[in-house]
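Engineer: Residues per chain are reported as follows:
There are 2 protein chains.
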Amino acid sequence: MTDFERIFHPQRLAIVGVSADSRSIGFGNGILVACRAMGFAGEILPVNPRGGTFAGQEIYRSVEDIPGDIDFAAIAVPAESVPDALEACRRKGAAGAEVVTAGFAELGTPEGIALEQRVKEVAARGIRVVGPNCFGIYCPRSGLTLLPGPDLSRESGPVAFLSQSGGMSIDLAHTGKWMGIRFSKVVSFGNGADLRETELLRYLGDDPETGVVAMYVEGVEDGDAFFEAARSVGRRKPVVVYKGGLSEAGRRAVVGHTASMGGSRAIWSGVLRQVNAVQVGDLAEIAQACLAFALLPARTYRGISMIGGGGALGVAAGDAAEANGISIPLLAPELQDRISAVLPKPGSSAGNPIDVANPFFPPEGLRRVLQLAAEDPRVELQVVTSLLYHYKSQAAAIGRSLAEVAPFRELAEAAGDAAEATGKPVIVILPSLKRGGDDLDVLDVLARARQAFLDRGVPVFDDIADALRAVGHLNAYYGRRDG
Amino acid sequence: MTDFERIFHPQRLAIVGVSADSRSIGFGNGILVACRAMGFAGEILPVNPRGGTFAGQEIYRSVEDIPGDIDFAAIAVPAESVPDALEACRRKGAAGAEVVTAGFAELGTPEGIALEQRVKEVAARGIRVVGPNCFGIYCPRSGLTLLPGPDLSRESGPVAFLSQSGGMSIDLAHTGKWMGIRFSKVVSFGNGADLRETELLRYLGDDPETGVVAMYVEGVEDGDAFFEAARSVGRRKPVVVYKGGLSEAGRRAVVGHTASMGGSRAIWSGVLRQVNAVQVGDLAEIAQACLAFALLPARTYRGISMIGGGGALGVAAGDAAEANGISIPLLAPELQDRISAVLPKPGSSAGNPIDVANPFFPPEGLRRVLQLAAEDPRVELQVVTSLLYHYKSQAAAIGRSLAEVAPFRELAEAAGDAAEATGKPVIVILPSLKRGGDDLDVLDVLARARQAFLDRGVPVFDDIADALRAVGHLNAYYGRRDG
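Residue numbers (this note's numbering), protein chains in the order written: chain A, 1 to 483; chain B, 1 to 483.
One or more hints might be untrue.
Pairs of lysine to any residue, SDA-like flavour, derived with a Cα cap of 25 Å [said to hold, decoys possible]: (1) Lys345(A) with Lys237(B); (2) Lys345(A) with Glu111(B); (3) Lys345(B) with Ser81(A); (4) Lys237(B) with Arg23(B).
Interface residues of chain A toward chain B, partial, derived using beta-carbon atoms under 10 Å [claimed, not checked]: (5) Pro150; (6) Met168; (7) His174; (8) Gly205; (9) Pro208; (10) Gly310; (11) Ala320; (12) Ala341; (13) Lys345; (14) Gly351; (15) Gly399; (16) Leu433; (17) Asp444; (18) Arg450; (19) Asp462.
Worth flagging that the hints you see were computed from the coordinates, not collected in a lab.
No residue lacks a Cβ here, since even glycine has one placed at the ideal position from N, Cα and C.
Let's have the full structure, built from the sequences with the hints guiding it.
Structural biologist: As structure tokens, this is what we get:
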């Protein structure tokens, strides 16, 4: 039995390949610094045959020199030394190790393939290996983190991510940090010489800390086993899959990247649908889907209200909703009249999309409109677009700063309160339309506004098409699972 | 004959509806302030029956009181006073006027429709009207600007934008500012009581300052005339069209927004293709297409090189290229060897996609790789992805700031030089993956980096799929036009 508890939450962590020499600082040093910055709670045990000290810690000359057992190891020595280092960790009782070093089967050379075979042989003797050619494990609860990763979020949450690509793992972890996605575990498994997609997916399916499993897959070792695992896990929690390398050039890149074999687009799409996995097409779409699955109650949302200032927003929302099979029901005349009474004139429209006429519609008005629109039983989710950047010229006109003038805290309170009071979730669209060198105030306010909404449990997206595509994924998943 | 020169570059501009009373400051005051901020070079002549002064300027009590003729007027009085104000401007010799006031046909009421009819009657007597229910004209060369718009770019450029929606016009103008899109003319024409899509499109087709015409259309007055104009203009310059309201809810929003009738998705897509217009689906796609048309030489780009640090970037690029009918040709072994000699080992790959192994590949290496990859005649465009945010942890480790450490100026020089030396354009992808409240340094560096690339004529996109979709639009347009 694999002791995943000791792998994800090690008490004693060896880092093999920490240099005392400031001229040869490498990945091992980076891992040590990053785990400390993350508040890793256990013991960190650095190793290097040349000994010395780094960051105030004495470096053991060998794994054998470490007193007592270890739980897990991060291995960052040159490729040819990896099998021996791994074997030493196995003898020290480690349940597992991550090998961040590259230069194995992904090279496509006989030497690289032979070296990876030796890693597999050590693993088969009783130590689980993550990698090689990977960025390792990020687990906020224990303080393990991806390479280079010193500033990832320390908060845990329901989203797990399995990635063949190290770059994709660190990019999603950073993206998730500001988007409000919190992770249970992220595993960059690289070449996947031992632990890889199917076994990790099964583990996360049973992991009570994980509510959503997202994956970046370049190729799978055993298609039948993988799809069966996806089907089984998918009955309990959503499985979001980005299969990279479905084009010719993409497949070529896959082989050089993680030594995997790709597959055809039609087969992947068909089978993922059959097993009720959620197929997405890029990093941004993974993130948006994870945000929606993590923050919205687990159900379908077939009808929405769309609230924004400016008629084209409603037009775009209508088009995006239709593209995702979501309806924006026309409200009853009586309800329209009550909403209309709250809206500025002229230029507003209460039919749904609800056009609040301009970007300065006050938070109390928004609160009231959300309460009213929720009275229509066909409205299951409410979508609010706010173009906060427009407050910048208003603020300038009265000699104040954007942060003082833009009522984002009050808007977040209104949205959060309305969602609670009505039981109908609210999502917010905050387009980022000013991003020049003279617009850092706008970017700052957008970041603060996003956080204010997230603090009230309200997910935020950059644009309406992204948001409704994510809601479409919920509808497809929960519709098939529960429908 | 309509005197468009006097409309877009007025010497004498009346602003009807400028209040001296600080408690009733409205759109007219906003227009005055904004035009001054834009450096409007002509005379500004404010009007209000109550007289007084605003911002140091005396307010005329009526249009008739203005000494001499006027060229153009901005009208921001209550809807019921608009026809008379317009008639007064006509008598003063104005070639045209923009009516920003709302409350006309878009209300759907008999009163609103009748009021708009009166506007049409005045226009028919000899003054061209932009609006009502619009944000007016932005023309950087003359200093006219959209509502509220005081901080739009003052630089002119080749992109014109016609928009039925005011919100869309101001949003694209702001987006274009930081993306590097420079405008010849932007016209928000709202309800289009007089001047509207077809006539403006024909004018811009002949306008030597305009090289690309983009449009946001909710409904057209005369489909045959519009499509014929699009076909005719499209023979000379690209016409990019976002038709909003192709869904049921979208159509409903259109009617309440600008009193237009929509149309069916199939008909629009089919006819736009027939006339070789470039159909796009949202604001971001308009902007991306305009950037590519404005900055890339006018031709097709069927084959590209893709250069980035991290294998998944190449995988994603391959998939995005295929989706847009673009090839990433495998380079010849001899050329691969020469490229490989410049790349770090292990983890790099020279086949194309070219994986430079990590985000810290130095600018001189990039310069060399671009020069080498350009030797393959199938490579017609080069795409470089740079994940600058990774320099943040590197900078922190050595106690310096991201702006000091990230070599964005040198990267921009390398890309610009290589494009010039090889005659093969370069585009750059700068994903914005850190955007939290503690990442303003990253956002600042991204804004500066974007500007550095733009200063060298290198367009920048947020992500590879967006960029290749835009290149796909060039291929479709120039392929049909010239192919």
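Engineer: Next step is simple, just say for each hint if it's right about the structure.
Structural biologist: Structure-based check of all given hints:
For the hint pairing Lys345(A) with Lys237(B), the CA-to-CA distance comes to about 40 Å; that exceeds 25 Å, so the pair is violated. Annotation: proposed proximity of Lys345(A) to Glu111(B) holds, straight-line Cα distance about 15 Å (limit 25 Å). The hinted pair formed by Lys345(B) and Ser81(A) meets the criterion: a straight-line CA distance of about 17 Å does not exceed 25 Å. For the hint linking Lys237(B) to Arg23(B), the alpha-carbon distance of about 47 Å lies beyond 25 Å, and the restraint is violated.
The closest approach between the C-beta of Pro150(A) and any C-beta of chain B is roughly 5 Å, which is under the 10 Å cut-off, so the hint is satisfied. Hint on Met168(A) holds. Least Cβ distance to chain B is approximately 4 Å, under the 10 Å limit. With its C-beta approaching chain B no nearer than about 5 Å, His174(A) sits inside the 10 Å limit, and its interface hint holds. A cut of 10 Å between beta carbons decides the hint on Gly205(A): the least distance to chain B is about 24 Å, and the hint is violated.
Look at Pro208(A): its Cβ only gets to about 28 Å from chain B, farther than 10 Å, so that hint breaks. Annotation: Gly310(A) was flagged as interfacial toward chain B, and the flag holds, the nearest CB pair being 3 Å apart, inside 10 Å. Residue-level restraint check for Ala320(A) holds (minimum Cβ-Cβ distance to chain B is 8 Å; threshold 10 Å). Among the interface hints, the one on Ala341(A) is violated; its C-beta lies about 16 Å from the nearest C-beta in chain B, farther than the 10 Å criterion.
About 8 Å separates the beta-carbon of Lys345(A) from the nearest beta-carbon of chain B, less than 10 Å, and the hint is met. Annotation: interface hint on Gly351(A) holds; nearest CB of chain B at approximately 6 Å, less than 10 Å. Checking Gly399(A) against chain B: minimum C-beta separation of about 13 Å lies over 10 Å; hint violated. Evaluation of the Leu433(A) hint against chain B yields a held restraint, the C-beta minimum of about 5 Å falling below 10 Å.
Taken as an interface hint, Asp444(A) checks out: its beta carbon lies about 6 Å from the nearest beta carbon of chain B, inside 10 Å. Annotation: Arg450(A) was flagged as interfacial toward chain B, and the flag holds, the nearest CB pair being 8 Å apart, inside 10 Å. Contact between Asp462(A) and chain B, as hinted, is supported at the beta carbon level, the nearest pair being about 9 Å apart and thus within 10 Å.
In summary, the structure is inconsistent with hints 1, 4, 8, 9, 12, 15 from the numbered list given earlier, while agreeing with the others.
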